[in-house]
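4 protein chains.
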Amino acid sequence: MAKQCDEAVTQIHLKQKMTVNELVVAMGKAGAYNGGSLARAVDIYDQMLRDTETTKFFGLAGAMVPAGMGGIVSDLIKGGHIDVLVSTGANLTHDIIEAIGCKHFHGTAFCNDVELRHDEINRIYDVYLPNEAFEHFEEFIQKVFEELEPGSTISISALLKHIGKNLKSGILHTAYHNNIPVYCPALQDSMIGLQYWLFSQTNKVTVDAFADMPALMDRCFTAKKAGAMLVGGGVPKNFILQSMLMTPNGFSYAVQLTGDRPDLGGLSGATLDEARSWGKITEEAQAVTVYGDATITLPVMVAAVLERRSL
Amino acid sequence: MAKQCDEAVTQIHLKQKMTVNELVVAMGKAGAYNGGSLARAVDIYDQMLRDTETTKFFGLAGAMVPAGMGGIVSDLIKGGHIDVLVSTGANLTHDIIEAIGCKHFHGTAFCNDVELRHDEINRIYDVYLPNEAFEHFEEFIQKVFEELEPGSTISISALLKHIGKNLKSGILHTAYHNNIPVYCPALQDSMIGLQYWLFSQTNKVTVDAFADMPALMDRCFTAKKAGAMLVGGGVPKNFILQSMLMTPNGFSYAVQLTGDRPDLGGLSGATLDEARSWGKITEEAQAVTVYGDATITLPVMVAAVLERRSL
Amino acid sequence: MAKQCDEAVTQIHLKQKMTVNELVVAMGKAGAYNGGSLARAVDIYDQMLRDTETTKFFGLAGAMVPAGMGGIVSDLIKGGHIDVLVSTGANLTHDIIEAIGCKHFHGTAFCNDVELRHDEINRIYDVYLPNEAFEHFEEFIQKVFEELEPGSTISISALLKHIGKNLKSGILHTAYHNNIPVYCPALQDSMIGLQYWLFSQTNKVTVDAFADMPALMDRCFTAKKAGAMLVGGGVPKNFILQSMLMTPNGFSYAVQLTGDRPDLGGLSGATLDEARSWGKITEEAQAVTVYGDATITLPVMVAAVLERRSL
Amino acid sequence: MAKQCDEAVTQIHLKQKMTVNELVVAMGKAGAYNGGSLARAVDIYDQMLRDTETTKFFGLAGAMVPAGMGGIVSDLIKGGHIDVLVSTGANLTHDIIEAIGCKHFHGTAFCNDVELRHDEINRIYDVYLPNEAFEHFEEFIQKVFEELEPGSTISISALLKHIGKNLKSGILHTAYHNNIPVYCPALQDSMIGLQYWLFSQTNKVTVDAFADMPALMDRCFTAKKAGAMLVGGGVPKNFILQSMLMTPNGFSYAVQLTGDRPDLGGLSGATLDEARSWGKITEEAQAVTVYGDATITLPVMVAAVLERRSL
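Protein chains in written order, with our numbering: chain A, 5 to 315; chain B, 5 to 315; chain C, 5 to 315; chain D, 5 to 315.
There could be a bad hint or two in this list.
Put simply, identical chains are the same to the list, so a pair is met inside one copy or across any two.
[Stated by the list, open to error] When the alpha-carbon atoms are kept at most 30 Å apart in a straight line, the in silico DSS-like pairs for lysine-lysine are as follows:
{"#": "1", "residue 1": "Lys-33", "residue 2": "Lys-172"}
{"#": "2", "residue 1": "Lys-172", "residue 2": "Lys-82"}
{"#": "3", "residue 1": "Lys-147", "residue 2": "Lys-229"}
{"#": "4", "residue 1": "Lys-107", "residue 2": "Lys-172"}
{"#": "5", "residue 1": "Lys-147", "residue 2": "Lys-165"}
{"#": "6", "residue 1": "Lys-82", "residue 2": "Lys-169"}
{"#": "7", "residue 1": "Lys-19", "residue 2": "Lys-147"}
{"#": "8", "residue 1": "Lys-7", "residue 2": "Lys-19"}
{"#": "9", "residue 1": "Lys-7", "residue 2": "Lys-21"}
{"#": "10", "residue 1": "Lys-165", "residue 2": "Lys-208"}
No lab work stands behind these hints, which were simulated from the structure alone.
None of these values were measured; they are calculated from a predicted model.
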């Protein structure tokens with residue numbers, strides 16, 4: 005028997021009332037394709053969370069908050085499992101919308117969008133968001149912006165912290181209370197950004213695009229080890245991975261949950277091996293990509309990791 | 005609030021030691037994208053299995069047995085949850101390989117395939133299968149073929165039944181012992197087929213390509229209701245869906261787990277709504293497609309359904 | 005400069021009235037991702053067609069005839085560029101439908117399938133096919149079946165040849181007139197198959213599932229070299245690739261146009277490198293996969309190859 | 005015949021030496037799946053470019069410059085076909101690298117990334133970029149940054165304009181000379197951003213994240229009509245589409261070339277119909293998405309449009 009063949013695929017036999025981690029362990033023994041990768045992601049993420057020397061980065065891209073994944077992220081912050089969060093303006097906009105009491109709704113992707121437009125409903129695949137949510141959002145956020153000190157210059161993370169301080173739940177709220185920085189390099193590219201443009205028509209507070217870099221880079225230089233948990237690609241993935249490029253080290257742990265594909269060349273679908281060539285992750289880094297929808301892979305992965313850590 | 009907005013997205017908050025079904029219920033309350041679809045697939049599949057008037061078809065495409073999913077299928081047969089199985093020659097070949105004691109192994113997709121060739125290892129993405137498995141396979145299957153009555157004509161399902169009778173575990177074995185027909189329209193397109201060609205060089209047993217149709221069509225005509233659980237697309241999906249076309253009815257339940265996409269036009273990625281236009285599924289059929297890797301979605305779905313049925 | 009870096013990416017500058025091959029050459033000089041792969045596919049396919057020692061296999065999967073790609077395949081047969089054709093029952097069904105004067109129509113994927121059902125229109129993504137086409141199809145094919153000799157046994161390719169003889173255009177017609185065998189291992193899985201079941205209710209002509217194997221295997225054993233042009237995956241891809249497995253050789257040329265992805269483990273999306281581990285293609289084979297919709301990549305590739313061969 | 009069935013699919017018959025537009029016209033007559041969508045994209049983009057009342061936005065995401073697509077974008081600017089360009093920091097970084105005389109190289113995705121790391125080569129799927137390019141990049145860009153007025157505050161587009169003024173070819177150079185604004189909301193998320201952080205260690209020039217919004221919004225408010233050509237998704241797609249949200253109008257033309265898929269919920273793969281529900285594009289907008297690799301679809305589309313405009 006060839007030496008490469010030492011660990012056999014075990015056919016899965018399901019039992020009654022399996023816990024999520026029991027199922028993931030069985031998927032790991034089967035060990036093939038993305039089911040096998042998901043089991044390996046649980047192993048790596050569990051090890052990364054146990055490694056007290058590791059600074060934990062979390063990237064959140066894709067429309068995850070409208071899909072109910074925001075609760076998982078808040079809870080990870082609360083549990084001390086995220087040291088640095090990088091997200092998109094869209095996720096933070098929807099986080100605020102939920103935090104001020106508005107709701108996203110179950111809808112369908114097979115609909116007439118012109119009729120939805122007439123009914124004042126905005127669609128995100130099969131999630132519906134009524135326009136009135138944006139009215140409440142505008143009211144809230146303009147009031148928050150007005151508290152900023154006229155003539156001052158702030159960073160994007162400081163602006164987000166200020167918003168978080170004014171909320172009672174959600175990601176920004178939890179990050180504020182746990183003193184976790186939230187970076188959002190493309191804040192302009194969101195409803196928060198459009199509202200800030202409105203605010204800036206009559207107010208002068210400068211948001212310095214690069215003001216967050218020194219603190220982030222300090223964090224990277226002082227980290228003994230670094231780990232990256234990446235939900236989706238986009239700006240959060242690249243911003244996290246590039247942050248270690250200037251240091252002598254790279255990420256020692258990396259897990260990526262993405263629905264993209266590598267052969268299109270875009271960073272969102274790029275393998276983590278590709279990141280080794282750049283030195284973004286170390287040569288020996290434990291790394292795995294799970295291809296699939298994060299609305300499935302994220303809850304399964306985190307539920308399994310939580311279960312392991314309770315033992 | 006617009007009338008379409010009545011069921012809100014619930015942010016997921018994971019707990020310690022959740023069972024798979026508890027997680028799926030939470031994913032259903034979030035309700036978005038493929039996580040929401042997976043929760044709906046569990047609802048529909050559970051209902052289909054409870055409906056005693058429903059004839060249950062199961063389509064198995066993709067390299068699922070090498071990935072350890074064969075155990076789930078065997079157990080579903082054993083549990084009485086499959087009335088008609090349609091699969092590919094490849095899955096049945098690998099089922100036989102496992103049943104005669106050979107193994108598939110955990111490998112990697114990032115390898116040198118020419119070196120694997122020299123090491124006599126066949127690769128299926130990240131699963132390795134040593135050549136010697138095919139030697140044992142040849143020995144077994146030729147012996148089984150030699151028991152066929154010279155000069156006779158048989159159907160593909162009869163040939164598969166005969167193979168199953170000679171095995172001690174796996175899908176074909178379990179189907180044989182539970183008297184479940186296994187259809188495999190493209191049997192020639194597999195190692196079983198190549199071995200049969202070898203056998204037919206010196207033996208004369210005719211495999212009638214259409215001999216399975218009458219029994220299948222009778223089944224379709226007499227079914228009060230029909231349900232289809234489709235893992236992957238390919239021949240199994242189409243063969244199952246088309247089977248009701250000649251009857252006045254269509255499928256009342258349909259669940260599809262696929263990694264393909266609809267916009268390429270191929271049947272494997274086609275939506276189940278498309279199937280409504282053909283009358284393959286009924287206008288009112290409960291149907292859902294979950295896009296993603298079945299090595300994740302199949303175990304999660306079946307584990308959740310089993311859990312519900314134990315209550 | 006590292007040794008691996010010897011051929012630079014050339015930025016594309018488009019000119020007025022470029023021919024398809026001129027564009028493909030520019031895409032080859034850019035040379036990245038699937039654009040680069042498509043240019044390489046043209047190089048390999050061109051070389052394969054020029055190589056007079058090579059037996060040329062063509063695999064046609066996916067709903068390509070309803071999408072207007074059947075004309076390209078017929079013309080390739082006419083031009084002497086296909087020696088062995090393997091396709092699906094669906095493509096051949098739609099080929100017959102077009103050949104008897106029925107039409108597919110431009111539709112939309114964003115529609116109400118229940119309404120389509122009421123309007124007696126069958127949908128294939130954004131292609132519409134009225135039910136009446138199947139009425140004409142039934143009338144034609146039953147008449148053709150009735151010409152078969154009662155009590156005889158025939159192969160699938162002989163049945164398809166008989167159909168082709170009765171048509172005046174299309175793939176089956178052209179294959180018949182050019183004496184090119186058409187293999188379709190899963191013929192039962194199609195409207196042709198359902199009609200044959202109807203026919204067999206009152207007639208007795210046995211279709212021997214394995215009767216095509218000896219001629220195909222002879223072809224494989226006597227081929228000096230073999231080349232595979234694969235549109236889509238499914239049965240055609242595997243049936244072609246496995247056909248050389250029993251011979252001491254493999255395919256020397258292989259081009260695959262697919263929209264699938266490798267990480268799901270299914271053969272349709274598997275890389276051609278994976279096929280090297282099995283010996284389906286030779287260690288030195290020139291092979292490339294172009295990921296994308298074949299309704300784009302097939303016409304571009306064939307138009308460029310035609311242009312090169314006219315020089 | 006049902007009223008929905010009025011335009012028949014025309015089988016494609018290729019001719020010798022077809023021009024790209026002739027091929028696209030044939031693909032439009034076939035009219036199915038993404039081939040049909042690509043033909044429609046050419047129609048819409050051609051009409052958008054002819055419409056002199058339309059302000060033309062161009063979004064460039066994905067690693068398009070390393071793949072040789074930057075030349076097409078430069079030429080479109082030169083030809084007067086882009087009024088507003090939104091791109092990613094990565095594309096602009098690689099544009100600078102090419103403009104200062106460094107090169108990207110043809111590589112392979114099937115390689116050992118740790119060895120590449122040792123050979124100081126950075127990989128982007130199958131494109132290689134030697135580390136030394138980044139050394140030249142650093143030297144160039146730091147010198148350019150040093151020309152900025154100490155103590156001043158600038159916008160991102162002004163910074164990019166300043167860079168473009170110092171280049172002799174490429175996108176930024178051409179945009180500068182044609183007075184076309186280049187927006188890049190997430191500039192920090194790129195090598196330009198990392199270099200700017202280095203620069204800012206010892207220099208004080210504030211980059212105001214929101215300083216570009218007023219001019220962009222003015223442009224949107226004064227546009228009689230607006231058109232969006234979107235290559236890839238990411239920040240460019242959303243930033244362009246959201247820009248019209250604050251005005252009473254939306255985009256009248258929209259073409260999207262993407263390899264993503266809608267069912268994951270992310271904006272990159274979202275249909276343009278979804279954008280109608282938000283009012284980002286008008287109810288009557290002509291809009292089409294072509295799914296596939298833009299290294300194929302972009303050159304084909306632009307070559308066909310150029311050819312039409314020369315007539």
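Here is how each hint holds up against the structure:
Taking identical chains as interchangeable, the C-alpha atoms of Lys-33 and Lys-172 lie at most 30 Å apart only when they sit on different chains, with a minimum of 22 Å there against 43 Å within one chain. Proximity of Lys-172 and Lys-82 under a CA criterion of 30 Å is satisfied intra-copy only: 14 Å inside one chain copy versus 51 Å between copies. In this assembly of identical chains, the alpha carbons of Lys-147 and Lys-229 never lie at most 30 Å apart, being 40 Å within a copy and 33 Å across copies at closest. Within a single copy, Lys-107 and Lys-172 get their C-alpha atoms as close as 15 Å, which meets the 30 Å cut-off; across copies the closest is 51 Å, which misses it.
For the identical chains of this complex, Lys-147 and Lys-165 are intra-copy neighbours only, at 15 Å inside a copy versus 35 Å across copies, given an alpha-carbon limit of 30 Å. In this assembly of identical chains, Lys-82 and Lys-169 lie within 30 Å of each other by CA distance solely inside one copy; the values are 15 Å within and 48 Å between copies. Taking the shortest Cα distances, Lys-19 and Lys-147 never come within 30 Å of each other, neither inside one copy (54 Å) nor across copies (36 Å). When the C-alpha separation of Lys-7 and Lys-19 is checked against a cutoff of 30 Å, the pair qualifies neither within a copy, at 33 Å, nor between copies, at 41 Å.
In the homo-oligomer, the alpha carbons of Lys-7 and Lys-21 never lie at most 30 Å apart, since the shortest distance is 37 Å inside one protomer and 37 Å across protomers. In this homomeric assembly, Lys-165 and Lys-208 come within 30 Å of each other (Cα to Cα) both inside a single copy, at 19 Å, and across copies, at 24 Å.
Violated hints, listed in ascending order, are 3, 7, 8, 9; each of the other numbered hints is respected by the structure.
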